[in-house]
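For the record, the sequence lines run as chains W and B. Number 302 in this note's numbering belongs to position 300 of the first sequence; there are no gaps in the numbering. Number 112 in this note's numbering belongs to position 110 of the second sequence; there are no gaps in the numbering.
Take the hints with a grain of salt, since some may be wrong.
[Claimed, not checked] To be clear about the criterion: a stretch of chain B counts as covered by chain W if any three or more of its residues have a C-beta under 8 Å from a C-beta of chain W, and this derived list gives those stretches: (1) 8-22; (2) 174-180.
[Unchecked claim] So these bits of chain B aren't anywhere near chain W, every CB distance computed over 10 Å: (3) E57; (4) G74; (5) N160; (6) T164; (7) G193; (8) A251.
Since the hints were derived computationally from the structure, they do not count as laboratory data. Note that the Cβ used here is the ideal one computed from N, Cα and C, for glycine as well.
2 protein chains.
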Amino acid sequence: MTSVFIAGDWGTSRLRLYLCDGDRVIAQKAGPGAVGAGVVHEDVLFSLIDPWLAEHGPIPVLLCGMVGSRNGWVEAPYAPCPAGAGGLRRGLVRFEARGVSIAIAPGLSGTSPRSAPDVMRGEETQIIGALAEAPELATGKHLLALPGTHTKWVQVSNGRITGFQTALTGETFALLRDHSTLAKAGGADLGAAGEGFAAGLARQHGAPEGGLLQALFEVRSRQLVDGWSPAFALDFLSGVLVAADVDGALDLFGAQARPVVLIGDAQLTERYARALSRWSVEVRQLSGETCALSGLRTLFQINS
Amino acid sequence: MTSVFIAGDWGTSRLRLYLCDGDRVIAQKAGPGAVGAGVVHEDVLFSLIDPWLAEHGPIPVLLCGMVGSRNGWVEAPYAPCPAGAGGLRRGLVRFEARGVSIAIAPGLSGTSPRSAPDVMRGEETQIIGALAEAPELATGKHLLALPGTHTKWVQVSNGRITGFQTALTGETFALLRDHSTLAKAGGADLGAAGEGFAAGLARQHGAPEGGLLQALFEVRSRQLVDGWSPAFALDFLSGVLVAADVDGALDLFGAQARPVVLIGDAQLTERYARALSRWSVEVRQLSGETCALSGLRTLFQINS
């Protein structure tokens, strides 16, 4: 059986493709995330991988992410929690296109500790990858966070995802930045967390007095009255939201004896690390891209 | 001195004009709120009041609201807290246009109980009106709430506004309804609060486990997994946000021995009344339109 395959992390914002030989990445390419109306996922994929297929023959393709959603290429229904790598493998949707075997990883459905229903798609593969990257996570209970548009807080127990809760943190930030009265003069992108972020964390940490909706208006009033710059105010907004997210999640999942495992983009996980340090919670940071690739590799290997 | 004058509440969404003779309203008209580029406030106003001036001569005009902001007609700088009717009167900006005396009420600047700077413009006149409508509010300490795009929580002590805090409640609701992934299938307007609202209140009341950002994602997941209708989910979203606002405000202003005075549109103040009842806080509801007119009348009378 060949050890050469194509792994793809196909989310709403980007497609990342890897030509793999076992644990080695031979080549990689990037493509568009969500495809436009009238555009066919199959065409997008093959236009990118045709050169690889020409060289290596009809090697299998394994994809994860929004490509498996109802509005994606082929729907891969949510697998139920608790689920580990085996449960995801059983949920793979397999089909053939242009003589190539395609498999798409399922999303996961589960509940939060307070029994709210929840779903994820793409993050489950990153989590399986995190377990491979940091084998000590495969035993015992761990709390993982995958910050982003929809931040996922995930409980893992003995290598299986047992429950999770999503927070609307990144999407709320983007809405307030782009469409609200808070940041009309702003629009600048966030760089590394600065003093504004620290001020936002301090404002919202444990929210001793006044809630999140009250803190949000301060983003505006401090610009009007205290002369804060739009960039400082935007960083403050990020701090307020990240602190509110962390506060809610720690409240929900309870105190953790072990570090929180942060998976994602380095600048974003660093923001969460700073917030968690205010609660004296240690963190371990893993690259989201590395974990996604590692998860796809794990699913491919147990599938072979 | 004439008792006939024109009162106008000119906010961002609407201009409400009243032709008053003492405590009696002889006629009223509505016009646009924010005026477009190249449109002159003076022209908008006079096109509406010219018939009244033709009948009653050059009677004075008293305006409140965003018309006095930096981007309005003539800026009426924020008066400082603590302030009562006298402080607002001293802050009136007066000028003449087309032979008519115009006065614009100032906004207010103040701080929240946790010393965050804050501003209001328009609500201060409604509050002065509330003190006239409910004279028992003129002595002792009272907590008032003016729900809306930017909900104002206001401490009044012996007839003076001593401090306040704004919450971004209505704007956040509108952003999430119109621009987020939570309610794409929605878009329906909210009517009277229903079972979805009650479920949202129950979810967020005291936020026993999990914060607001976590609750927001449930608006989406409950539609996906539990089959909630978009209308029910939107009502739930309203309940979650109103409960979060009330929770933050009561935390900030402390337990009140007296009812919270709710000023605004009847359907919206009723939502806040329902939320406050979960905290066993009684309310008194006053019409925002009535209070604005009453406040303008009070300012006119002490100004005459």
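Hints, one by one, checked against the model:
| no. | hint | result |
| --- | --- | --- |
| 1 | 8-22 | violated (count 0) |
| 2 | 174-180 | holds (count 3) |
| 3 | E57 | holds, 39 Å |
| 4 | G74 | holds, 15 Å |
| 5 | N160 | holds, 24 Å |
| 6 | T164 | holds, 16 Å |
| 7 | G193 | holds, 23 Å |
| 8 | A251 | violated, 7 Å |
Checked against the numbered hints given earlier, the structure breaks hints 1 and 8 and satisfies all the rest.
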